[in-house]
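K.L.:
Sequence:
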Amino acid sequence: MEATLKKYLGKLERMIDPARQAATRSSIQKVFNFEKVPELPFIDLGGIAGLADKDWPSYSYNEAFFDPAKMLLNELLTVFQHVQLRDYHALNIRCNYGTVILPSIFGVKYRLTETSLPWAGHYGSREEIKKLLAKGVPDLESGLGKNCFETAEYYRKILAEYPKLKKAITVYHPDLQSTFDAAHLIWGHDILYAMYDCPELVHEALALITETYSRFMRKWKKHTGEGNEYSTHWNYYMKGGIMLRDDSAVMISPAHYEEFVKPYDQKLLNEFGGCLHFCGKGDTFIRSMCASTKLYGINTSQPELNNMEQMLSLCRDNKLVLLGLPEKYIPKNADTGFIAVKV
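Count along the sequence shown starting at 1, add 53, and that's the number in our numbering.
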């Protein structure tokens, strides 16, 4: 494995263009400041199939889950591809342990599958949730928390031998979801009933998860040197230091979003600033979401399910960048405010 690492990291080291990366960062910062740019930043997903050089190793997710060297090479595949495409993709990697990281820190069991990221179990009763609350903030290096910090340290150690990679590659924060998404994974679907039956208990759980989330992020920032002014996540250079995911919020009412989701998102945004993602249809909460403070961008993975005329208007009025939006949804005369996707 050592020989494979040296071969491909050496190859990627020779491909890195610091001037191109600096220009990319500068352009995206202008977009987040809503300054006009001569070319909207874009992620070229459609160009991957036609790349001339496809010589990069790839391992199954389950293999890489237990081997940080294989995980590193898997993560660097997108860097290898997009350096060739010379688009605006962030040069970044993550400790890819899926959505179960924060639940595992709270003692939730998870299982690997053959076809997807890990699946979380959940606590089976409200009595178990009460016992969990009585324990307070868990050890941040329990569950997969330790794996995240150890894998990030491994990445840093390996990349340190390659000056351009060390400077260019960022390790972005693990997938902790959002407070409500994590609560849904920890508690299970009963949380949807509990919002009616015992809202006080739900708020106690959300408060504990938010505090744990904040402490993990503070530790992560200190461990990796990642800042909160600008950072990276997924394909993007972005303003702020956190990417929250509100996938579970699409299942609840606007009133429940206001009570059980937004205040806890806002607490994390107040501390770190950043962007929000959701899958599915967000029409019921998008107006309120866009009014959040220290929110700088929105990523919706399924624009076809949403009222895009409304979303475009709200993002424009609130100076929010739409990240990863397919070109067909972007106004023809747009000269800022978007990071496009070419498919």
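Keep in mind that the hints were calculated from the coordinates and are not lab data. Keep in mind the model is a prediction, meaning the values are calculated, not measured. Where a beta carbon is used, it is the ideal one built from N, C-alpha and C, also for glycine. Any given hint might turn out to be false.
Claimed, not checked - Heads up, simulated DSS-like pairs for lysine-lysine below, C-alpha to C-alpha not over 25 Å straight-line: (1) 59 - 83; (2) 272 - 315; (3) 219 - 123; (4) 381 - 315; (5) 219 - 274; (6) 334 - 381; (7) 320 - 275; (8) 107 - 395; (9) 217 - 274; (10) 210 - 274; (11) 162 - 89; (12) 320 - 381; (13) 210 - 162; (14) 64 - 188; (15) 89 - 60; (16) 275 - 183; (17) 162 - 123; (18) 320 - 89; (19) 60 - 83; (20) 275 - 220; (21) 89 - 199; (22) 89 - 347; (23) 60 - 123; (24) 315 - 334; (25) 199 - 188.
Said to hold, decoys possible - Cβ-Cβ distance ranges computed for the label pairs, FRET-style: (26) 68 - 243: 29 to 37 Å; (27) 209 - 188: 43 to 51 Å; (28) 308 - 59: 32 to 40 Å; (29) 207 - 316: 45 to 53 Å; (30) 87 - 59: 54 to 62 Å; (31) 396 - 199: 46 to 54 Å; (32) 199 - 344: 19 to 27 Å.
K.L.:
Each hint: holds or not?
P.N.:
Here is what the structure says about each hint:
With a C-alpha separation of about 36 Å, the suggested pairing of residue 59 with residue 83 is violated against the 25 Å cut-off. With a CA separation close to 24 Å, the supplied pair residue 272 and residue 315 stays within the 25 Å bound. For the hint linking residue 219 to residue 123, the alpha-carbon distance of about 18 Å falls within 25 Å, and the restraint holds. Under the criterion of a C-alpha separation no larger than 25 Å, the hint pairing residue 381 with residue 315 is inconsistent with the structure, at around 30 Å.
For the suggested pair residue 219 and residue 274, the alpha carbons sit about 17 Å apart, so the restraint of at most 25 Å is met. At most 25 Å may separate the alpha-carbon atoms for a hinted pair to count; residue 334 and residue 381 meet this at roughly 18 Å. Proximity of residue 320 to residue 275 is assessed by CA-CA distance (about 20 Å); at most 25 Å being required, the pair is judged to hold. Taking the CA atoms of residue 107 and residue 395, the gap is near 20 Å; set against the 25 Å cutoff, the hint holds.
Only pairs whose Cα atoms come within 25 Å are accepted, and residue 217 paired with residue 274 is accepted, the gap being roughly 22 Å. Among the hinted pairs, residue 210 with residue 274 is consistent with the structure: their alpha-carbon atoms are about 17 Å apart, no more than 25 Å. A C-alpha spacing of about 48 Å is found between residue 162 and residue 89, which places the hinted pair above 25 Å, so the restraint is violated. The suggested pairing of residue 320 with residue 381 is violated, with an alpha-carbon distance near 34 Å, which exceeds 25 Å.
Proximity of residue 210 to residue 162 is assessed by CA-CA distance (about 30 Å); at most 25 Å being required, the pair is judged violated. For the suggested pair residue 64 and residue 188, the alpha carbons sit about 49 Å apart, so the restraint of at most 25 Å is broken. Of the supplied pair hints, the one linking residue 89 and residue 60 is violated, its CA atoms being roughly 41 Å apart against a limit of 25 Å. With a C-alpha separation of about 31 Å, the suggested pairing of residue 275 with residue 183 is violated against the 25 Å cut-off.
This hinted pair checks out: residue 162 and residue 123 have alpha carbons roughly 24 Å apart, not beyond 25 Å. At roughly 31 Å between alpha-carbon atoms, residue 320 and residue 89 are farther apart than 25 Å, so this suggested pair is violated. Straight-line distance between C-alpha atoms of residue 60 and residue 83 comes to about 36 Å, which puts the hinted pair past the 25 Å bound. Of the supplied pair hints, the one linking residue 275 and residue 220 holds, its CA atoms being roughly 17 Å apart against a limit of 25 Å.
Taken as a hint, the residue 89 and residue 199 pair is broken in the structure, with Cα atoms around 43 Å apart against an allowance of 25 Å. At roughly 22 Å between alpha-carbon atoms, residue 89 and residue 347 fall within 25 Å of each other, so this suggested pair holds. At most 25 Å may separate the alpha-carbon atoms for a hinted pair to count; residue 60 and residue 123 meet this at roughly 13 Å. At roughly 17 Å between alpha-carbon atoms, residue 315 and residue 334 fall within 25 Å of each other, so this suggested pair holds.
A threshold of 25 Å between alpha carbons decides the hint, and for residue 199 with residue 188 the separation of about 19 Å falls inside it, so the pair holds. Under the hint 29 to 37 Å, the C-beta atoms of residue 68 and residue 243, about 50 Å apart, miss the expected range. For residue 209 and residue 188, the hinted distance range of 43 to 51 Å is not satisfied, since their beta carbons lie about 32 Å from each other. Between residue 308 and residue 59 the Cβ separation comes to about 57 Å, which falls outside the hinted range of 32 to 40 Å.
At about 37 Å, the beta-carbon gap between residue 207 and residue 316 misses the expected band of 45 to 53 Å. In this structure the supplied range 54 to 62 Å is violated for residue 87 paired with residue 59, their Cβ-Cβ distance being about 44 Å. Against the hinted window of 46 to 54 Å, the Cβ-Cβ separation of residue 396 and residue 199 comes to about 38 Å, which falls outside the hint. Separation of residue 199 from residue 344 is about 38 Å and departs from the stated range, judged on CB atoms against 19 to 27 Å.
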